[in-house]
Amino acid sequence: MKTNTLLINFLLLLIVIVSGCKDKTFKKHKVYSPIYTSYEDFRNHPAFESPQPITKQGNIYIKDDYLFITEPERGIHFIDNSSPESPQQVGFLELIGCTGLEIRGNRLYTNSYIDLVVFDISSIHQPVEINRVKNAFPEALPMTEMDYPISSVDKDKGVVTAWKLETIKEEVEYNNAHWLNCPNCETMSIANTVNSNQGQSQGVSGSITKFTLINDYLYVMDKVSLKPFDISIPDAPNLHDGVLVSREVETLFAYNDHIFMGTTTGMLIFNTTSPNQPEHISSVNHFTACDPVVVKDNYAYVTVRSGTGCGGAFNQLDIIDISDYNNPFIESSYSMTNPHGLGIDNNMLFICDGSAGLKVFDATNPIEAGNNLIHTFNDITAVDVIPDNEVAIVIGENAIKQYDYSNPEELILLSTIQIMQ
Amino acid sequence: MKINILILLLAASFSGFGQLTRTTVLKNGSEIKGKVIHSDSVKVKIKTKDGSNLVYKRNEIDTIKPVSGYNPHKGPFLNIEPLISTGEQTNAYLHLKAGVNINRKWGAAIGASVENYANHSRLPLYLELKYHIFNHYITPYIAIQSGYMFPINDLEQQKEGFMLGGSLNMVCYTSDHFGITIGGGYRFNRLVRSPSIWELPQDDIYIHHINRIELKIGLIFK
Numbered sequence: 001m002k003t004n005t006l007l008i009n010f011l012l013l014l015i016v017i018v019s020g021c022k023d024k025t026f027k028k029h030k031v032y033s034p035i036y037t038s039y040e041d042f043r044n045h046p047a048f049e050s051p052q053p054i055t056k057q058g059n060i061y062i063k064d065d066y067l068f069i070t071e072p073e074r075g076i077h078f079i080d081n082s083s084p085e086s087p088q089q090v091g092f093l094e095l096i097g098c099t100g101l102e103i104r105g106n107r108l109y110t111n112s113y114i115d116l117v118v119f120d121i122s123s124i125h126q127p128v129e130i131n132r133v134k135n136a137f138p139e140a141l142p143m144t145e146m147d148y149p150i151s152s153v154d155k156d157k158g159v160v161t162a163w164k165l166e167t168i169k170e171e172v173e174y175n176n177a178h179w180l181n182c183p184n185c186e187t188m189s190i191a192n193t194v195n196s197n198q199g200q201s202q203g204v205s206g207s208i209t210k211f212t213l214i215n216d217y218l219y220v221m222d223k224v225s226l227k228p229f230d231i232s233i234p235d236a237p238n239l240h241d242g243v244l245v246s247r248e249v250e251t252l253f254a255y256n257d258h259i260f261m262g263t264t265t266g267m268l269i270f271n272t273t274s275p276n277q278p279e280h281i282s283s284v285n286h287f288t289a290c291d292p293v294v295v296k297d298n299y300a301y302v303t304v305r306s307g308t309g310c311g312g313a314f315n316q317l318d319i320i321d322i323s324d325y326n327n328p329f330i331e332s333s334y335s336m337t338n339p340h341g342l343g344i345d346n347n348m349l350f351i352c353d354g355s356a357g358l359k360v361f362d363a364t365n366p367i368e369a370g371n372n373l374i375h376t377f378n379d380i381t382a383v384d385v386i387p388d389n390e391v392a393i394v395i396g397e398n399a400i401k402q403y404d405y406s407n408p409e410e411l412i413l414l415s416t417i418q419i420m421q
Numbered sequence: 001m002k003i004n005i006l007i008l009l010l011a012a013s014f015s016g017f018g019q020l021t022r023t024t025v026l027k028n029g030s031e032i033k034g035k036v037i038h039s040d041s042v043k044v045k046i047k048t049k050d051g052s053n054l055v056y057k058r059n060e061i062d063t064i065k066p067v068s069g070y071n072p073h074k075g076p077f078l079n080i081e082p083l084i085s086t087g088e089q090t091n092a093y094l095h096l097k098a099g100v101n102i103n104r105k106w107g108a109a110i111g112a113s114v115e116n117y118a119n120h121s122r123l124p125l126y127l128e129l130k131y132h133i134f135n136h137y138i139t140p141y142i143a144i145q146s147g148y149m150f151p152i153n154d155l156e157q158q159k160e161g162f163m164l165g166g167s168l169n170m171v172c173y174t175s176d177h178f179g180i181t182i183g184g185g186y187r188f189n190r191l192v193r194s195p196s197i198w199e200l201p202q203d204d205i206y207i208h209h210i211n212r213i214e215l216k217i218g219l220i221f222k
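As given, the protein sequences belong to chains A and B, one line each in that order. Residue 421 is where the first sequence ends in my numbering, and the numbering goes up by one at each step. Residue 222 is where the second sequence ends in my numbering, and the numbering goes up by one at each step.
Here chain A stands alone, though its shape is the one from the complex (with noise of 0.2 angstroms):
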């Protein structure tokens, strides 16, 4: 009995030993950890100082005389440039976490991480923050320079305004150790400002943008919403609940009260009639790959591009007919080098086509516009454009340039403003 009892005693001693030799794996890897500023901190009124020199390439808006660059979460730079020859800086609007702006009338709208922030600019001199919609983009974090996961956000803390680059080591579970990578998570979650031919005394942007206004409403893509400010009164946007977008959307361009958006995996359209609800309607699709959209009358063109952080191995333009929005067909494509943003006035299609540079099409027959090739400058890696009232206004890595296109056969060079990276 006692031998039993002994026995017994110590099978189950073995069978708890061997069931306690459980494997474990670890994985040792760099995270961002999150650098917090108080709510208090972040709030403080943000200074107009001098001017200051372009160190990052960012989304450029233009309003009336005057050129703005968004540096990436360090603020805008306001350029006065009634005269394009001779562009002049009137100072730097530091505002940390700021990513892109539209301008309604006096009003510039802009954000700051989570916050929609609204500023005067009645004096170009002296802008003034008269409101902020907090929390509006409870999603966003600031940009992250390489491919590492982001450790967990603790809210309470504050917010993140930076990251602090280490290295842990924690327990996975084996086989399944794959992680969230937020590289170049801002941009991601907010860029820019669009183009509407709508409404009055607005300003117009690049096509590498994540704002755009349609009438009253002010909309900004966040990660996955699409988030609609109600501005009929100007000073006091009244954010409706988002619109979720099952795809990861990259630009938004407004056009005839609706709303293309610009996806690594295709374009879609939105309907406006409900302005705090927009409608999906349609899409054309396309292998996974960053692309801008510009619209023109029946005819949306977008540029497909491949590469680090688009995936995809296409380097296009495609021109997509939309005279009828629900049913928009690729009506032709033509091979590019590697092409970021783009825009058109007066049937001249500028194409950003990154090292090959700036490329101007006569897009007179939009669906041949690919096959007429006006003029290529190979003096900057173009990244965005704006071209308006016969001045182009390019954005590239080291340099942002403007070009008389009055005469479409002879574009000149007006000035250049150095990016000091």
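All the pointers check out, no bait thrown in.
Taking lysine-lysine and the DSSO-like style, the derived pairs with C-alpha atoms no more than 27 angstroms apart in a straight line are: (1) B:LYS65 to B:LYS222; (2) A:LYS28 to B:LYS159; (3) A:LYS24 to B:LYS159; (4) B:LYS35 to B:LYS57; (5) B:LYS74 to B:LYS49; (6) A:LYS22 to B:LYS159; (7) B:LYS159 to A:LYS27; (8) A:LYS164 to A:LYS223.
Hints are computed from structural coordinates only; laboratory data are not their basis.
On the provided structure of chain A, position chain B as indicated by the hints.
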């Protein structure tokens, strides 16, 4: 095939592939050192170290006892040790050890095997220290092992490895040259690998902690 070889080896060791050297004490007081190669109720046959065969009647013999001062463990040895390694995975491995017992208690060996963890092969090369509890033909002994787990395949991914183990064993010599071991213990392996091409970022490092219970039975050749 492997099982057949193992059975043959076991049979060889049990069947007196050479017997243990003993001291046979006769009733007249003389002592003869040699292997008892036959023994029954009538006679005892002893083979001495010089090759002579001596036969004594049983009633002439007082006792047969272990040789005084003889250390059954001392000297070089080769240990073939099949084992079952069990934990989250169960595998059967064959370990080979070569070493020397330097005195009545202590011995050391270098061991090697080929093992598999999550479809990746490793070659453990280790040092084993042994402590025999009794100076007897049958004795428990404690062994500790420590060494390096060399990757064999997927060298791009498989990086350094480390092993540390301990076991409680029993050795039973059936002759001067053969013995059987049986035992059980625990082993910890720390294996490091870099990500596969499907895992990003590529500069991550995965560290696997492998915990195993080992049950082993083996043969010792001296």
